[in-house]
Amino acid sequence: MALSKKDVEHIALLARLGLTEAEKEKFAQQLSSILEYVEQLKEVNTDGVEPTAQVTGLENVMRADEMAVRPKAEMEKLIKMAPESEDNLIKTRSVFE
Amino acid sequence: MQLNELTISQAHEGLKKKDFSSVELTKACLEQIKKTDDKIKAFITVTEDIALQQAKVADKAGDFSNPLTGIPHAPKDVFCTKDIRSTGASKILDNYIPPYSATAVEKLNELRGVILGKVNCDEFAMGGSGENSGYFVTKNPWDLERVPGGSCSGSAAAVASDMCLYSLGTDTGGSIRQPAGFCGITGLKVTYGRVSRYGVMAMASSLDTIGTFAKNVEDAAIILKHIAGRDKNDSTTPEVKVDDYSAEMKKSIKGLKIGLPKEYFIDGMDPEVKDLVYKAVKKLEELGAKVVDISLPYTAKAVAVYYIICPSEVSSNLARYDGIRYGMSEESDKLIDIYQNTRSKYLGAEAKRRIMIGTYALSAGYYDAYYKKGMQVRTLVRNDFKQAFDKVDIMVTPTSPTPAFKIGENANDPLKMYLADVFTVPASLAGICGISIPAGFSNNLPVGLQILGKPFAESTILRAAYNYQQATEWHKKKPL
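Taken in sequence, the protein lines are chains A and B.
Be aware that the first sequence starts at 1, since it is given in the working numbering, and climbs by one per residue.
Be aware that the second sequence starts at 1, since it is given in the working numbering, and climbs by one per residue.
Take these hints with a grain of salt, some might be off.
To be verified - Ranges of calculated distance between the beta carbons of each label pair, as one might list FRET restraints:
hint, chain 1, residue 1, chain 2, residue 2, range
1, A, Asn88, B, Ser332, 19 to 29 Å
2, B, Thr402, A, Val69, 46 to 56 Å
3, A, Lys42, B, Asn233, 33 to 43 Å
4, B, Lys345, A, Leu14, 11 to 21 Å
5, B, Lys18, A, Ala64, 43 to 53 Å
6, B, Glu409, A, Ser4, 22 to 32 Å
7, A, Lys80, B, Lys345, 18 to 28 Å
8, A, Gln54, B, Asp267, 28 to 38 Å
9, B, Lys345, A, His10, 18 to 28 Å
Unchecked claim - What the simulated footprint calls covered on chain A by chain B, stretch by stretch (three residues with Cβ under 8 Å from a Cβ of chain B suffice, anywhere in the stretch; the number is not a length):
hint, stretch
10, 57-69
11, 83-93
These are calculated hints, taken from the structure and not from any lab test.
Quick caveat: nothing in here was measured; it's all calculated off a predicted structure.
A virtual CB, placed ideally from N, CA and C, is assigned to each residue, including glycine.
Assemble the whole structure, with the sequences as input and the hints as a guide.
Given below as structure tokens:
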């Protein structure tokens, strides 16, 4: 599956990756050859085959619906890690413009 | 013998008998790091003060009844270690200091283990050579112009060159087994879910496993006993009994049925590797095992399945690195620019490649053709193993098609790099356990033997591997 520069730009936007022009060209080539390789799976007959999402077989591993109290010092450490914070909240740019 | 050259077992005996202290043992490792790491470059962060402090605590308590107490180790940098910088070998976490430790690390901390520092790897565990690290390329101690393997490049190099007595790593498609093979040491990949992944930077959540690098099988068994088990913080750890691996491994392998999957012994593979593996199988037969020919027909499709599923899951797991809550961040007025600029500046090429393949494979219109198809063929690969394990107890294969390649040899060809994973990837898709042990040398480079076992049958593969190491000396050889 050959990817065009426009395809790469679309994927990069979905993935929130800013790419340089040189990167777009390089990746278009490399991604195309990788995708071409994985396309061989088209030839495999998978009629009636269940997809494997996970191998443990576990389902609905639950815990009690209780709030655990974490130490204040830990919470402060976490908030401090963000580039910007205010009133014990992490601050970001507006999502909707 | 220098203290840092000891195995965990040997060091444990010495500490118990008070032949030496944990501080002395730790100092020997730190000395070795100072002497050799300029050349090898296994460590991203060395924690000299913390290590000596931890060793002092172990010595002061004076209780060395547990074999891991006072023993110096260095986890792969994808493990969160509380208050110790953890980068995942990515520049995007260059400044990240976790407020908590991974469960596996915490278990070792509770036993008063000693953390020497954090070792290098491919960025977020993505790679098969170590060349994708955001920091520097770790060298193979057996030949400094060659790769140590990946993604656990630093772990393998550090253990092989006696800078630490063991290292925790992760294996998603072969990242423990392959470098262990390239560096002549023992690398254990556990069954998916055997060891908690809590606190380990996620790469592919249905494939990631936590495992060990050790100087021999005896040590691997010791570590496994202490890190395996159900963890309420990781719901993919089933409630399965943790065996007494150290006792189980010593049992005989008489009558053990070994499968040789014909798809792993193909034309065009390195003849010396093939030869060494056949010799190893002969040795196992001498020890009482029986060889059965088997077939895993979907082997040739496994790499393609892996390189759809893995990048898809990667694209999801790496979305959290967005410059908002932690890690490096590029300032901007617009949110979209923060995301794009942060990720483009600080993520490496392989990370970007996999994110993009995954994004494409999961995107509208392509999900069925790629990800769903991949999951279905994964079922077929898994069934191959299920059926074969009805006939045999373990399988033996080469770990890699060749010994360690030269730095730069595959760096410009991502697809060629992926194809080198051909022998390790299928077991990852099936979620089974596997171990790579030294089986000889080709042109003075280590060659690894891979032993695969049924889910949660680590005891069986450790038993085969231990018996082999009792009858051979490959694992005792050290790089000059």
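Here is how each hint holds up against the structure:
1. A:Asn88 - B:Ser332: 19 to 29 Å: holds, 24 Å
2. B:Thr402 - A:Val69: 46 to 56 Å: holds, 54 Å
3. A:Lys42 - B:Asn233: 33 to 43 Å: Holds - the Cβ-Cβ distance for lysine 42 of chain A and asparagine 233 of chain B, about 40 Å, lies within 33 to 43 Å.
4. B:Lys345 - A:Leu14: 11 to 21 Å: holds, 19 Å
5. B:Lys18 - A:Ala64: 43 to 53 Å: holds, 46 Å
6. B:Glu409 - A:Ser4: 22 to 32 Å: Distance hint for glutamate 409 of chain B, serine 4 of chain A holds at roughly 30 Å.
7. A:Lys80 - B:Lys345: 18 to 28 Å: Given a distance of about 22 Å, which is inside 18 to 28 Å, the answer is holds.
8. A:Gln54 - B:Asp267: 28 to 38 Å: holds, 36 Å
9. B:Lys345 - A:His10: 18 to 28 Å: holds, 21 Å
10. 57-69: Since 4 is at least three, the answer is holds.
11. 83-93: Our answer is that it holds, as 4 residues pass the Cβ test (under 8 Å) against chain B, meeting three.
Comparing the model with each numbered hint stated earlier shows that all of them hold.
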